[in-house]
Amino acid sequence: MNKPELLAPAGDLERLKIALLYGADAVYVGGSFNLRANADNFSLKDLEKGVAFAHNLNKKVYVTVNIAMHNKELEMITDYLKKLDKLKVDGIIVSDPAIIKIAKDNTNLTIHLSTQASTINKKAAAFWHKEGVSRIVLARECTKDDIKIVKDSVPIELEVFVHGAMCASYSGRCVLSNFLTNRDSNRGGCSQICRWDFDLIIDGAEVKGEKPFTFCSKDLSLIKYIPELIDMDIDSLKIEGRMRSAYYIATIVKVYRQVIDEYLKDKNNYKYNLEYEKVLRRCANRDSVAQFFDGNFGKDTGYYNGRMEITNQDFLGLVLAYDKKTNLMKLEQRNYFEKGDKVTIFGPNDEFDLVIDEIYDEDMQKIGIVRHPKQIVYIKVPKPVGEDYMMKKALDKTSKV
Amino acid sequence: MDFTGEIMKKVAIISSLKQAQDLKDLVTAFILPVQDYSINFPNTFTFDEINEIKAIGPDVFLVMNKSIYNEEIKVLTKVLKQIEALNIKGIIFYDIAFIQLKAELNLKTDLVWAQEHLVTNYETINYWYDKGAKYAYLSSELTKDEIITIKKHSKAKLFINVFGYIPMFTSKRHLVKNYLDYFNLDQKGLKKHIYKEGKTYPIIDDNHGTTVFSNYILNILDEDFLDDYLVFNSTFIDEKEFKKVLTDAHNFPFEHGFLYKETIYKVKKDE
Numbered sequence: 007m008n009k010p011e012l013l014a015p016a017g018d019l020e021r022l023k024i025a026l027l028y029g030a031d032a033v034y035v036g037g038s039f040n041l042r043a044n045a046d047n048f049s050l051k052d053l054e055k056g057v058a059f060a061h062n063l064n065k066k067v068y069v070t071v072n073i074a075m076h077n078k079e080l081e082m083i084t085d086y087l088k089k090l091d092k093l094k095v096d097g098i099i100v101s102d103p104a105i106i107k108i109a110k111d112n113t114n115l116t117i118h119l120s121t122q123a124s125t126i127n128k129k130a131a132a133f134w135h136k137e138g139v140s141r142i143v144l145a146r147e148c149t150k151d152d153i154k155i156v157k158d159s160v161p162i163e164l165e166v167f168v169h170g171a172m173c174a175s176y177s178g179r180c181v182l183s184n185f186l187t188n189r190d191s192n193r194g195g196c197s198q199i200c201r202w203d204f205d206l207i208i209d210g211a212e213v214k215g216e217k218p219f220t221f222c223s224k225d226l227s228l229i230k231y232i233p234e235l236i237d238m239d240i241d242s243l244k245i246e247g248r249m250r251s252a253y254y255i256a257t258i259v260k261v262y263r264q265v266i267d268e269y270l271k272d273k274n275n276y277k278y279n280l281e282y283e284k285v286l287r288r289c290a291n292r293d294s295v296a297q298f299f300d301g302n303f304g305k306d307t308g309y310y311n312g313r314m315e316i317t318n319q320d321f322l323g324l325v326l327a328y329d330k331k332t333n334l335m336k337l338e339q340r341n342y343f344e345k346g347d348k349v350t351i352f353g354p355n356d357e358f359d360l361v362i363d364e365i366y367d368e369d370m371q372k373i374g375i376v377r378h379p380k381q382i383v384y385i386k387v388p389k390p391v392g393e394d395y396m397m398k399k400a401l402d403k404t405s406k407v
Numbered sequence: 012m013d014f015t016g017e018i019m020k021k022v023a024i025i026s027s028l029k030q031a032q033d034l035k036d037l038v039t040a041f042i043l044p045v046q047d048y049s050i051n052f053p054n055t056f057t058f059d060e061i062n063e064i065k066a067i068g069p070d071v072f073l074v075m076n077k078s079i080y081n082e083e084i085k086v087l088t089k090v091l092k093q094i095e096a097l098n099i100k101g102i103i104f105y106d107i108a109f110i111q112l113k114a115e116l117n118l119k120t121d122l123v124w125a126q127e128h129l130v131t132n133y134e135t136i137n138y139w140y141d142k143g144a145k146y147a148y149l150s151s152e153l154t155k156d157e158i159i160t161i162k163k164h165s166k167a168k169l170f171i172n173v174f175g176y177i178p179m180f181t182s183k184r185h186l187v188k189n190y191l192d193y194f195n196l197d198q199k200g201l202k203k204h205i206y207k208e209g210k211t212y213p214i215i216d217d218n219h220g221t222t223v224f225s226n227y228i229l230n231i232l233d234e235d236f237l238d239d240y241l242v243f244n245s246t247f248i249d250e251k252e253f254k255k256v257l258t259d260a261h262n263f264p265f266e267h268g269f270l271y272k273e274t275i276y277k278v279k280k281d282e
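One line per chain: the protein sequences are B and F, in this order.
If you're matching positions, the first sequence starts at 7 in the numbering used here and goes up one per residue.
If you're matching positions, the second sequence starts at 12 in the numbering used here and goes up one per residue.
It is possible that some hints are incorrect.
Said to hold, decoys possible - Calculated lysine-lysine pairs in the PhoX-like style (CA-CA distance at most 25 Å, straight line): (1) Lys-107/B with Lys-145/F; (2) Lys-136/B with Lys-142/F; (3) Lys-389/B with Lys-330/B; (4) Lys-207/F with Lys-214/B; (5) Lys-207/F with Lys-217/B; (6) Lys-224/B with Lys-207/F; (7) Lys-305/B with Lys-345/B; (8) Lys-224/B with Lys-155/F; (9) Lys-217/B with Lys-210/F.
Said to hold, decoys possible - Partial pick of chain B residues on the chain F-facing surface, computed with a CB cut under 7 Å: (10) Ala-132; (11) His-135; (12) Cys-180; (13) Asn-188; (14) Glu-338; (15) Tyr-342; (16) Glu-393.
Derived by calculation from the structure, the hints in this document are not laboratory data.
For every residue, glycine included, the Cβ atom is placed at its ideal position computed from N, Cα and C.
Please model the entire structure based on the sequences and the hints provided.
What follows is the structure, given as structure tokens:
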């Protein structure tokens with residue numbers, strides 16, 4: 007049984023650092039040819055910094071190059087791959103096999119096959135293995151049995167999505183954005199039409215439930231199944247979400263890190279900790295289920311909520327500095343809080359609760375309420391905290407949320 | 012486009028044996044979605060029916076474009092061996108298992124690479140050609156200029172959708188059934204659509220999942236650059252209307268889809 011890699015998304019350099027510091031073994035980032043054209047994405051300069059940061063921690067950076075190329079992208083891709091090779095990224099994630107050929111002919115890049123290629127079965131996996139692909143990111147439609155069969159049949163690394171949003175369609179098999187908004191979904195322009203509401207008409211008459219018809223599905227969470235995935239020798243456990251916030255990344259990565267480590271430390275006495283599930287639920291703004299993994303993709307996996315998604319207001323601020331002489335923590339505000347609030351301050355390997363007693367503004371005047379986004383304040387904290395720490399609302403241990 | 016007297020490779024996706032008889036003199040080949048192995052088609056064909064249609068005259072391509080699951084591989088292997096004996100023109104596939112099985116079983120039947128929205132450049136078409144797919148079925152989201160460039164550089168023979176509704180979205184999920192079940196709605200009607208902002212999109216939810224189609228019927232037969240396998244898709248189209256279009260494309264309004272409409276996306280320039 008190997009220790010699987012915990013792989014996290016990183017929309018920018020800040021989130022790359024957060025993901026790695028909070029426990030990810032590797033991150034994947036978007037470059038110039040990826041399916042999140044509207045994410046910040048990495049310039050080559052940032053990528054160079056990110057790779058140096060990761061390698062210094064003995065961790066890895068993969069770059070998504072997973073668009074379905076049109077003719078004009080062919081002219082640019084070779085040069086770009088050579089640049090990635092020079093930066094010593096640890097692998098590229100591709101879906102278009104022409105990129106595999108170009109990469110093999112021109113670079114020494116390690117190649118991972120994207121979930122966009124919808125690999126579900128052992129024969130397709132055998133083909134990609136023969137083609138020199140090092141790792142396959144399996145389709146999210148795979149059940150536990152599908153994953154196991156591929157793993158047992160083909161000597162290739164497997165990466166499995168364990169957390170985050172789902173495509174309503176087979177990945178790559180949707181061009182709703184092209185048709186409805188003229189944005190190319192397979193070149194990074196997906197405008198998430200699957201989350202829109204539609205009228206459903208059957209035999210000429212509208213059929214309407216309490217909420218409108220939509221393709222939208224709940225998110226994925228395999229937190230309960232991590233031990234099974236480890237026992238199956240899955241090589242990489244992947245968290246979705248390059249557009250997600252640093253707080254989200256830190257929280258999700260930390261929980262999955264804890265579960266993986268707890269199980270590996272003492273497999274026989276491992277017990278599933280419901281508290282972790284609560285933390286994940288609080289952090290996300292949508293319900294999550296095991297989706298196809300447990301073979302259930304029926305009515306309860308749909309997300310019929312009229313597009314109402316609760317904006318998460320748990321994240322209160324990002325720690326910028328700590329002064330040991332004054333015990334003051336410098337914080338950049340993210341959500342409203344006030345004196346007397348019970349909060350949790352957490353870092354990669356540390357977490358403690360605190361009732362806020364003293365707050366100061368930038369002029370060191372005492373204040374009672376912190377209401378402005380990105381407002382800089384100072385809070386009295388009895389023990390030192392790091393620059394990569396965060397502050398959130400304390401979780402009510404009695405809550406069922 | 013007037014087809015009279017020309018050597019045009021017209022291929023028709025048909026829905027019934029009767030339609031095959033009716034159209035046999037108008038097409039070069041039939042495309043037949045295979046029962047249990049094809050998606051995006053409300054009507055499929057058994058092997059007995061395929062044999063009957065094969066005897067009618069025009070060439071036959073089979074559609075086997077569903078994603079293949081591990082438990083289906085064993086039966087699929089047998090089916091592919093049966094198909095080998097049918098002497099058909101080719102298999103239109105999506106799942107890469109077909110490429111692997113063709114090599115493993117040393118199958119002679121040609122393959123048509125038809126990954127719907129991913130057949131978008133000539134290098135990838137040539138890649139699959141080298142792996143055993145002698146035909147490629149172009150995505151419908153390409154511009155005319157892109158198609159012309161692909162034609163210039165491709166080793167493979169090309170299929171191009173020229174008439175019919177275009178599948179936009181394919182899911183394993185039973186999206187209509189799930190919705191009806193979730194809200195306890197009892198509705199067993201057959202003809203399903205979804206509606207948004209003045210546009211109506213056909214939707215089917217069958218054993219293999221859900222497919223949503225374009226709100227319009229593509230008809231690019233007034234274009235003069237088409238000399239490939241031109242695919243006429245009869246799905247949801249009245250049989251008489253369909254026959255009229257096969258006879259003369261001017262019998263139906265022209266709709267150019269993405270031919271003159273480039274989609275927007277963003278490729279950042281690196282400094």
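Status of each hint after checking the structure:
1. The hinted pair formed by Lys-107/B and Lys-145/F meets the criterion: a straight-line CA distance of about 18 Å does not exceed 25 Å.
2. Straight-line distance between C-alpha atoms of Lys-136/B and Lys-142/F comes to about 11 Å, which keeps the hinted pair within the 25 Å bound.
3. The straight-line distance between the Cα atoms of Lys-389/B and Lys-330/B is roughly 8 Å, inside the 25 Å bound, and the hint therefore holds.
4. Straight-line distance between C-alpha atoms of Lys-207/F and Lys-214/B comes to about 14 Å, which keeps the hinted pair within the 25 Å bound.
5. Between Lys-207/F and Lys-217/B the alpha-carbon distance is near 15 Å, which keeps this suggested pair within the 25 Å criterion.
6. A C-alpha spacing of about 22 Å is found between Lys-224/B and Lys-207/F, which places the hinted pair at or below 25 Å, so the restraint holds.
7. About 44 Å separates the Cα atoms of Lys-305/B and Lys-345/B, which puts this hinted pair outside 25 Å; it is violated.
8. For the given pair, Lys-224/B sits about 38 Å from Lys-155/F by alpha-carbon distance, which is inconsistent with the 25 Å threshold.
9. Of the supplied pair hints, the one linking Lys-217/B and Lys-210/F holds, its CA atoms being roughly 20 Å apart against a limit of 25 Å.
10. A distance limit of 7 Å between C-beta atoms decides the matter here; for Ala-132/B the minimum to chain F is near 6 Å, and the interface restraint holds.
11. The beta carbon of His-135/B comes no nearer than 10 Å to any beta carbon in chain F, farther than 7 Å, and the hint placing it at the interface is violated.
12. Residue-level restraint check for Cys-180/B holds (minimum Cβ-Cβ distance to chain F is 5 Å; threshold 7 Å).
13. Annotation: interface hint on Asn-188/B holds; nearest CB of chain F at approximately 6 Å, less than 7 Å.
14. The criterion of a C-beta within 7 Å of any C-beta in chain F is not met by Glu-338/B, whose closest approach is roughly 27 Å, and the hint is violated.
15. Of the supplied interface hints, the one on Tyr-342/B is violated, with its beta-carbon coming no nearer than about 34 Å to a beta-carbon of chain F, more than 7 Å.
16. Checking Glu-393/B against chain F by beta carbon gives a least distance of about 27 Å; that is not within 7 Å, so the hint is violated.
Violated hints, listed in ascending order, are 7, 8, 11, 14, 15, 16; each of the other numbered hints is respected by the structure.
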